[in-house]
Amino acid sequence: METGKVVVERGGGKSTANHCYSKYPFKFIIPNKVGPPQTDAVWIYTITYGGGIVSGDSIKCDNSVGDGCTTVLTTQASTKVYKSVESKCSEQVPEARIGSDALLAVIPDPVTCFSTAKYSQTQVFKVFPSSSLLIVDWITSGRYGRGEKWDVELYKSTNNIFLEADEPLFLDTILLEQGRYSSIAERMQDYQVIAMVILLGPKLKFIQDQIQENVKNLMSQQLRIPSGSSGRYGDIDDNPFFTRPSFLASCSVFGPKGRGVVVRIAAITTESVYSFLQCQLSGLDSLLGVSPYR
Numbered sequence: 001m002e003t004g005k006v007v008v009e010r011g012g013g014k015s016t017a018n019h020c021y022s023k024y025p026f027k028f029i030i031p032n033k034v035g036p037p038q039t040d041a042v043w044i045y046t047i048t049y050g051g052g053i054v055s056g057d058s059i060k061c062d063n064s065v066g067d068g069c070t071t072v073l074t075t076q077a078s079t080k081v082y083k084s085v086e087s088k089c090s091e092q093v094p095e096a097r098i099g100s101d102a103l104l105a106v107i108p109d110p111v112t113c114f115s116t117a118k119y120s121q122t123q124v125f126k127v128f129p130s131s132s133l134l135i136v137d138w139i140t141s142g143r144y145g146r147g148e149k150w151d152v153e154l155y156k157s158t159n160n161i162f163l164e165a166d167e168p169l170f171l172d173t174i175l176l177e178q179g180r181y182s183s184i185a186e187r188m189q190d191y192q193v194i195a196m197v198i199l200l201g202p203k204l205k206f207i208q209d210q211i212q213e214n215v216k217n218l219m220s221q222q223l224r225i226p227s228g229s230s231g232r233y234g235d236i237d238d239n240p241f242f243t244r245p246s247f248l249a250s251c252s253v254f255g256p257k258g259r260g261v262v263v264r265i266a267a268i269t270t271e272s273v274y275s276f277l278q279c280q281l282s283g284l285d286s287l288l289g290v291s292p293y294r
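The letter at position 138 of the sequence shown is residue 138 when you use full-length UniProt numbering, and the numbering goes up by one with no holes.
No wet-lab data here; the hints were simulated from the structure.
Note that the structure is a prediction, hence the values are computed from the model and not measured.
One should not assume that every hint holds.
Simulated pairs of lysine-lysine, DSS-like, Cα-Cα distance not exceeding 27 Å [as the list claims (entries may be wrong)]: (1) K23 to K156; (2) K126 to K149; (3) K27 to K60; (4) K205 to K126; (5) K83 to K126; (6) K60 to K126; (7) K33 to K156.
Simulated restraints, written as ranges between beta carbons of each label pair [stated by the list, open to error]: (8) R10 to K156: 48 to 56 Å; (9) Q278 to G56: 21 to 29 Å; (10) Y144 to G12: 41 to 49 Å; (11) G13 to E186: 54 to 62 Å.
Just so it is clear, CB atoms sit at the ideal spot from N, CA and C, and this is done for glycine as well.
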């Protein structure tokens, strides 16, 4: 049985949350209005009692975005995953259906896993050819100020997008696990944040084009360094004094005719990822009422 369920449908000429259900330890908050009065978007904040996800918690929620509707799923702060007790794994299993000409934006703050935490999330999205979907999925290294740096025991995040008749469109899993011969911290080196941004559908086409161009320009500047006194540019591997950039990003397309774009990010600071998201997603204010991550 679901821990939470929300159904957004057209009502009175606008997107309306017609059904909302949740039970402990999960809760939805749906403000009356976010942004200007003319904005047609339902904002849904997900929260957990106690300020985080406790060892052994299993949260399953079902979301439905009706034809022509716009919905935003977000959080009030980072999702904290507390330490594992008796090796129990916490999990979240959200599932969403996005109707024709509908838009769903999943724009949470990052997941922050405490030392020894075990966490798994599986997000499943079912879309139509005219659906639009934005997903931001990211994790920080932990409570860095308290000396915890990638001390999480297990972190697994799966994002699956299916087209009509359950045709796979995008299948992806990120797995961080402490190894026998190397820790997560050793493999991540100085990077404290990893993130993924998925953009799909006609309503986000302009953002897709913009973000691909911006990432290309950003990385071409950061990954080319002067070689020798001539000031010419050379490859990274040819220069022994190369310093890893504090922010790395890559773009790739997926789906028929490249209908979707996925951006992968590794960064040293959480603030730099927030700034990137603010800049790249600022054009969504006309659809969502306000720009994400402001």
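Okay, the hints, checked on the actual structure:
Pair hint K23 plus K156 holds up; C-alpha atoms about 24 Å apart against a cutoff of 27 Å. Of the supplied pair hints, the one linking K126 and K149 is violated, its CA atoms being roughly 35 Å apart against a limit of 27 Å. Restraint check for K27 and K60: satisfied, since their Cα atoms lie roughly 11 Å apart, inside the 27 Å limit. Taking the CA atoms of K205 and K126, the gap is about 19 Å. The hint holds against a cut of 27 Å.
Note on K83 and K126: the hinted pairing is violated, with a Cα-Cα distance of about 32 Å set against a maximum of 27 Å. Pair hint K60 plus K126 holds up; C-alpha atoms about 16 Å apart against a cutoff of 27 Å. Proposed proximity of K33 and K156 is contradicted: the alpha carbons are some 34 Å apart, above 27 Å. Look at R10 against K156: about 36 Å separates their beta carbons, and that is not inside 48 to 56 Å.
The hinted range of 21 to 29 Å is not satisfied by Q278 and G56, whose Cβ atoms lie roughly 35 Å apart. At roughly 47 Å, the beta carbons of Y144 and G12 sit within the given window of 41 to 49 Å. Look at G13 against E186: about 56 Å separates their beta carbons, and that is inside 54 to 62 Å.
Checked against the numbered hints above, the structure breaks hints 2, 5, 7, 8, 9 and satisfies the rest.
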